[in-house]
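Input sequences plus hints: build the corresponding full structure.
2 protein chains.
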Amino acid sequence: MSKQKPSLARGTRDFSPEKMAKRQYIFDTIRAVFQKFGFQPLETPAIENLSVLMGKYGEEGDQLLFKILNSGNFSEKISQTDLDAGYKSLTSQISEKGLRYDLTVPFARYVSMNRSEITFPFKRYQIQPVWRADRPQRGRYREFYQCDADVVGTDSLLCEVDIIAMLQEVFASFGMAITIKINNRKILSGIAQSIGALGQESNLAIAIDKLDKIGKDAVNEELTVKGFTDSALQKLTPIFSFSGSNVQKLDFLTDFLQNSEQGKKGIAEVQQIFDWATTYGLNLENVELDITLARGLSYYTGAIFEVKANNVAMGSIAGGGRYDGLTDLFGLPGVSGVGISFGVDRIYDVLDELNLYPQSTQNSSKVLLSNFDAEVLPFALKVLNSLRTNGIKAEIYPETAKLKKQLEYADKRGIAYMAVIGADEAASHSITLKNMAKGTQELLSVAALVEKLS
Amino acid sequence: MSKQKPSLARGTRDFSPEKMAKRQYIFDTIRAVFQKFGFQPLETPAIENLSVLMGKYGEEGDQLLFKILNSGNFSEKISQTDLDAGYKSLTSQISEKGLRYDLTVPFARYVSMNRSEITFPFKRYQIQPVWRADRPQRGRYREFYQCDADVVGTDSLLCEVDIIAMLQEVFASFGMAITIKINNRKILSGIAQSIGALGQESNLAIAIDKLDKIGKDAVNEELTVKGFTDSALQKLTPIFSFSGSNVQKLDFLTDFLQNSEQGKKGIAEVQQIFDWATTYGLNLENVELDITLARGLSYYTGAIFEVKANNVAMGSIAGGGRYDGLTDLFGLPGVSGVGISFGVDRIYDVLDELNLYPQSTQNSSKVLLSNFDAEVLPFALKVLNSLRTNGIKAEIYPETAKLKKQLEYADKRGIAYMAVIGADEAASHSITLKNMAKGTQELLSVAALVEKLS
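Listed in order, the protein sequences are those of chains A and B.
So that you can map any letter, position 200 of the first sequence is 181 in the working numbering, and since no number is skipped, the others follow by simple counting.
So that you can map any letter, position 370 of the second sequence is 351 in the working numbering, and since no number is skipped, the others follow by simple counting.
These aren't lab readings, by the way, just hints derived from the structure by calculation.
Take these hints with a grain of salt, some might be off.
A pair counts as met if it fits within one copy or between any two copies, since identical chains are not told apart.
[As the list claims (entries may be wrong)] Calculated lysine-lysine pairs in the DSSO-like style (CA-CA distance at most 27 Å, straight line):
1) K216 <-> K3
2) K69 <-> K245
3) K393 <-> K230
4) K230 <-> K191
5) K0 <-> K(-14)
6) K37 <-> K(-14)
7) K(-14) <-> K69
8) K69 <-> K58
9) K383 <-> K197
10) K69 <-> K289
11) K230 <-> K(-14)
Below, the structure is given as structure tokens:
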């Protein structure tokens, strides 16, 4: 085999120790909140049968699934006719498995397969990578982590309150100012009904979702193409222009949706969530009812959530909502669920940009023991063992080398202290401890060293 | 899309919350030891270019790599001629990427690609899944975690001492009695040389590795087939039959290998590792020099390690060794390294079989708040918030339901306490706390509840 310049596969990344420390800080913070709210960990395999994945993410999603070539002689039964039939039909002959595209469909598969063992309501969190054969670009990767919490088996709106509470707690822990946008699929349905476009709410939502980006006129144009009448667009006008507090919005909607049962149900749900959240003790200042929020909408049936960072130009950093019938696809009907997903890569970038990482995210050793005199190595090894026995992250420079080189090593590695051990130290059973940041040093006994670094 | 009975891909597994708790205990234990010894986390992508993976694991390994179908119209340029050329050549036309097969080759790629930023010696640990298209069987999976720690950029034997210390500490934490077997590639080379089969050490090692399983006669038979002379086999006899303490073995080898420079170097290395380990303070009672240990050997150049559980019939539960030239393959020569890999799935099974999991591996909520009277929900929500604000894992049953059902739920979920809140409790601003295991209950103020569960 020839020597080669190796490279990463497009859209994938290595995470160096420095990046890992920051990522672990993010994961640990979110995980701790999930657990405090009663969610338990679940992991599903990266490889799923394509029968589980295909058809769950729309036609584009099917294209973006990474598909795994069957093992063994996969091409044995392929003929020219198969080739002529095109790559899509060929794929089904030579590939039976694919990589997880999100955490939601595997979760639905798990719930469906284990329905008899699971205690419902089932609260699980899942932190694992997913894969999408998207065109890589800045901030978009082909392999990235998702970080989800879901409750299935209940339609209680207390779960929505928990989601708001978790979002607030996670981002407060990060010290990040955010806005939580909330909407309800039933309100969107009600709006469609009220403007005389019943059943057209998907097209309405897809268009209205772009209001921020393309503006009112372009949205109206898109809706016209989709068959919305002038009269419907006329009636829709106040929806675009309306602003105000959540209370004012709910008042407005109560009037606007007075003839839509669905719409009224949506308003009542939002109101109930706000009421319970307030009773629970949440401050709803950063929660905003946004009646244009749709988030794709394909499977949401109730609440819809989205979080944005206040002080950074960045897409949504978390999102979710209530869905019914996700496990229907796997033969288990009647399971309502609600979930939230944190966008770890974007949160990482926001924390970086706002310089919000705590200092302690470095996970280096606390102390490096010097190794420049082979004669005193026995004493140094004993000191090393004492430190570790007392739970202190410690290491010795593995080779006998000049002290200067070792000090540079400690500096580059971000190790806080250097324990210098020479002949004098060994003779007096003591250690010269150098504070790498301050440059100060002091002579300590082994016991004093252990105590200082504990 | 039709409803379907979903299934897992062959050789893959879901990890339920119960299993996750046990696995996290294993990972956390190993990770804590890695960090205490100065190793830092690294993660590499699951997807690698096949050019990085192919040719690194032998021909069988190439076959066992999971290969990913190229995106888009991969079959456009395929002709009947390509089909006729067979699936191996076809694979290279329709697949450029594969799934990580182990953590070592991606690590070598990372080191090679980032040589200018890395501070050597570089100590990293990596805990991630790998994939192999092996035939699944009991205890063998197609997707499984590896858990590795390696130091590269130094040939200091202090690193080998650290590995022995880490192995002892990890398994002591698990409460598991083990034997650490150690050997040295140079000793194996020396043996080959001493019996007049210089350069034949690979065949010698492969055969000798099977001694436990197939016995001396079968090993000799295999060696004969491989071209070992009768005289060589005659000289080899004492190697098979020799037993004794490590000191006795080293004495024996000193005599046996007196004419092999390589062999003498191997003995000196083992001796140095034992000496330093003893100085450091390790008890070497469970460390055994095993001159038949080879572990595939393909890339080991110095120390070879293997760990077995003493009280369970199970293959090795950890293994590793020193290698030189791993990054040679990627154009970075002269980097010596040594590493250890923990077999998490087997450790899981051993801990299960010996019933060694601590009780606290359950990660359920500590308390479930009842919800059987909608009138008192506001009080219950405030209690819930108080508990969580004080860091207590707590949840409320999301639906208003009969208390019996909720007690069953708490029981099945393994939640330790049920906080019963009815009209009386709400009126007196107190909670009836039921200990689920003992069945006892007591009336507590909110403050007393928080204190008791903190």
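Cross-check of the supplied hints:
In the homo-oligomer, the alpha carbons of K216 and K3 never lie at most 27 Å apart, since the shortest distance is 49 Å inside one protomer and 58 Å across protomers. For a Cα distance limit of 27 Å, the shortest separation of K69 from K245 qualifies neither inside one copy, at 45 Å, nor across copies, at 62 Å. For the identical chains of this complex, K393 and K230 are neighbours neither inside a copy (55 Å) nor across copies (43 Å), given an alpha-carbon limit of 27 Å. Proximity of K230 and K191 under a CA criterion of 27 Å is satisfied intra-copy only: 20 Å inside one chain copy versus 76 Å between copies.
When the C-alpha separation of K0 and K(-14) is checked against a cutoff of 27 Å, the pair qualifies only within one copy, where the shortest distance is 24 Å, while the shortest distance between copies is 41 Å. Only between protomers do K37 and K(-14) lie at most 27 Å apart by alpha-carbon distance; the minimum there is 15 Å, versus 39 Å within a single protomer. When the C-alpha separation of K(-14) and K69 is checked against a cutoff of 27 Å, the pair qualifies only between copies, where the shortest distance is 24 Å, while the shortest distance within a copy is 33 Å. When the C-alpha separation of K69 and K58 is checked against a cutoff of 27 Å, the pair qualifies both within a copy, at 16 Å, and between copies, at 14 Å.
Taking the shortest alpha-carbon separations for K383 and K197, neither the intra-copy value of 69 Å nor the inter-copy value of 50 Å comes in at or below 27 Å. Neither within a single protomer nor between protomers do K69 and K289 lie at most 27 Å apart by alpha-carbon distance, with minima of 38 Å and 49 Å respectively. Taking the closest pair of Cα atoms, K230 and K(-14) never come within 27 Å of each other, the shortest separation being 59 Å inside a single copy and 44 Å across copies.
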